[in-house]
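Protein sequences appear in the order of chains A and B.
Heads up: the first sequence is residues 1 to 298, going by the UniProt record's numbering.
Heads up: the second sequence is residues 1 to 298, going by the UniProt record's numbering.
These are calculated hints, taken from the structure and not from any lab test.
Take these hints with a grain of salt, some might be off.
Stated by the list, open to error - Here are the computed lysine-lysine pairs in the DSS-like style, where the Cα-Cα straight-line distance is at most 27 Å:
(1) K106(A) <-> K170(B)
(2) K36(A) <-> K13(A)
(3) K106(B) <-> K170(A)
Stated by the list, open to error - One side of the interface only, derived from the structure: several residues of chain A facing chain B at Cβ under 8 Å:
(4) T31
(5) E130
(6) A149
(7) G153
(8) A163
What the hints assert, rightly or not - So, partial list: chain A residues that the calculated Cβ filter (under 10 Å) puts toward chain B:
(9) L120
(10) E139
(11) E143
(12) A152
(13) M157
Heads up, the beta-carbon is just placed ideally off N, CA and C, and yes, glycines get one too.
There are 2 protein chains.
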Amino acid sequence: MSDSSTFEVFFRKYKEILERQMEESVNLLQTPAVLKDAMLYSLTAGGKRIRPLLLFATLDALGKDPEQGLFPACAIEMLHTYSLIHDDLPSMDDDDLRRGKPTNHKVFGEANAILAGDALLTVSFQMIAEAPEQSIPLEAKLELIRELALAAGAEGMVGGQTADIEGEDKSLNIEELEYIHSHKTGKLLTYSVMAGAVIAGANMETKRYLHDFSMHLGLAFQIRDDLLDLDGNEEILGKPVGSDEDKHKSTYPALLGVEGAKAALEQQIAGALTALEKTGAKTALLQEITDLVAKRDH
Amino acid sequence: MSDSSTFEVFFRKYKEILERQMEESVNLLQTPAVLKDAMLYSLTAGGKRIRPLLLFATLDALGKDPEQGLFPACAIEMLHTYSLIHDDLPSMDDDDLRRGKPTNHKVFGEANAILAGDALLTVSFQMIAEAPEQSIPLEAKLELIRELALAAGAEGMVGGQTADIEGEDKSLNIEELEYIHSHKTGKLLTYSVMAGAVIAGANMETKRYLHDFSMHLGLAFQIRDDLLDLDGNEEILGKPVGSDEDKHKSTYPALLGVEGAKAALEQQIAGALTALEKTGAKTALLQEITDLVAKRDH
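With the rest of the complex left out, here is chain A:
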């Protein structure tokens, strides 16, 4: 089997396990129907599941059973989903479409969308606390919870989103743009990789290279996102192209030019692959994810 068909099999298998567990966990909640529906609506909207996949692939690279990371993987995807719901709100990015479907607040109203986001954020910490103890020892769980809060909160994703909204209609320099992206998207991508390292009990050196890898990957992800917004296919993308321009958002292509942004993307991808090599681990799947990020069309 070629590397990429191995990847396809792995990808499909763990995506299915993840989605089943997320749905089961939410379905078990004793809560008003509208809240459960709003949570499930966005959770099952069919994202790429890149973050959980990174966690599973990191465990695989370190010689562990990927399923050990199932509950934290659910936590990451639930937390990511909450951030999309809140980002789409009228007072934030005011988006009507997400993954080709009406955004959460368009279907359930603004109050329920805010509450569904709040509930998803909250349950993500619960998922880690409730992971089976044979897969994750107590101390690792606490580290995963603490690091998730750091990646997702004021010093991470929420800080990045705040700066992003502050930066609208302003022209930002490259440092400001990198602050926004490294916090808004980067921290949770990094967390997804590092969570795998924590669960696997990786040594400090391996952790350092995996951290480098995830930083490069996060930047590549964001540059690709900006390029897609510029010239992606609206139908595949599931949201209008050019929406960053409409909102006067600073982007890599705007700052570096399209060719400059493409060169920066190549550079980040190369950096990511070099870091992977240095880990000395079986990183074929992580390489495939890196390729996916470089070439993705949605």
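The hints should help you fit chain B onto chain A, whose structure is shown.
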């Protein structure tokens, strides 16, 4: 010293320790200034701090140093503060005033208010994870995190708030009203007491009586809230009276009549005090808090 002056001294001391720690923790965050300001604005708006106080007093009743509960107490108050910020939003209760000051979104705008709430919710889990290990052992921390998620999420506070919003402009029966209140306010009050029991390592019997106590206290708290909304002093209350009526919210006085609601309040207070007695612990401070809830004018 009389019981109530002991209480005053205890109350002032731990309120101060709590507020200092919350401010310090938020001030240390590396995050955009507007987000930090929005978080601190609501955290320092001077609430009654009933929930952290319950935790401190429970530890005292069980013969432990109340300061062992400092970080979870901060977590509870930060989480409570997030819930107030989100509840006040235009799409939710649409309140302009809170504790006599403009609500968070009136000062910082809706997007920043949502993000400040998200950040406070997130950091509350971090506070528990980062509590000094000599005050709370690993296993107790994980239990506190899991129970906080349960109390605050879809099966707790967020579920109650969803039902509350669904119930506006509808006439609810007493069971529906009790679902809303036991979830929207009750679960976090119960958590505040039970967190003390977890940290103190209380036995099952003591836990059961403390749980009974907190359930009665939570209902008393809500009935008093409804009565205050009806005939409280707007200046002391810091928000307009009669706002429930304006929003056509179902309340205890509306369902039971003012006299009926007052009788129900007395009944819950009596239940709370009986449960406290059964614990056999030194519950003088918890009794004082119960009195405070019964008689509070804001």
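### Query
When the nearest CB of chain B is found for E130(A), is that gap smaller than 8 Å?
holds (6 Å)
### Query
Hey, K36(A) versus K13(A), does the alpha-carbon distance stay inside 27 Å?
The given pair, whose Cα atoms are some 26 Å apart, holds under the 27 Å limit.
### Message
Quick check on A163(A) please, does its C-beta sit within 8 Å of some C-beta on chain B?
### Response
A163(A) check passes; min Cβ-Cβ to chain B is 5 Å, inside 8 Å.
### Message
Quick check on A149(A) please, does its C-beta sit within 8 Å of some C-beta on chain B?
### Response
Nearest chain B Cβ about 4 Å off; hint holds.
### Restraint outcome when G153(A) is required to lie within 8 Å of chain B by C-beta distance
holds (4 Å)
#### Entry: Hinted contact E143(A) with chain B - closest CB pair below 10 Å
Where the cut-off is 10 Å and the nearest Cβ of chain B is about 8 Å from E143(A), the hint holds.
### Task
Have a go at the L120(A) hint: is there a Cβ in chain B nearer than 10 Å to its own Cβ?
Holds, because the Cβ-Cβ distance from L120(A) to chain B comes to roughly 9 Å (cut-off 10 Å).
### Message
Run the distance test for K106(A) versus K170(B): straight-line Cα separation, threshold 27 Å.
### Response
Roughly 23 Å between the alpha carbons, so the hint for K106(A) and K170(B) holds.
### Message
The hint names E139(A) as touching chain B; please verify it with the least Cβ-Cβ distance against 10 Å.
### Response
holds (6 Å)
#### Entry: Hinted contact A152(A) with chain B - closest CB pair below 10 Å
holds (5 Å)
### Message
Quick check on M157(A) please, does its C-beta sit within 10 Å of some C-beta on chain B?
### Response
At about 9 Å, which falls below the 10 Å cut-off, the nearest Cβ of chain B leaves the hint on M157(A) intact, so it holds.
### Query
Can T31(A) be said to touch chain B, with a Cβ gap under 8 Å?
With a minimum Cβ separation of about 4 Å from chain B (threshold 8 Å), the hint on T31(A) holds.
Comparing the model with each earlier hint shows no violations; every hint is respected.
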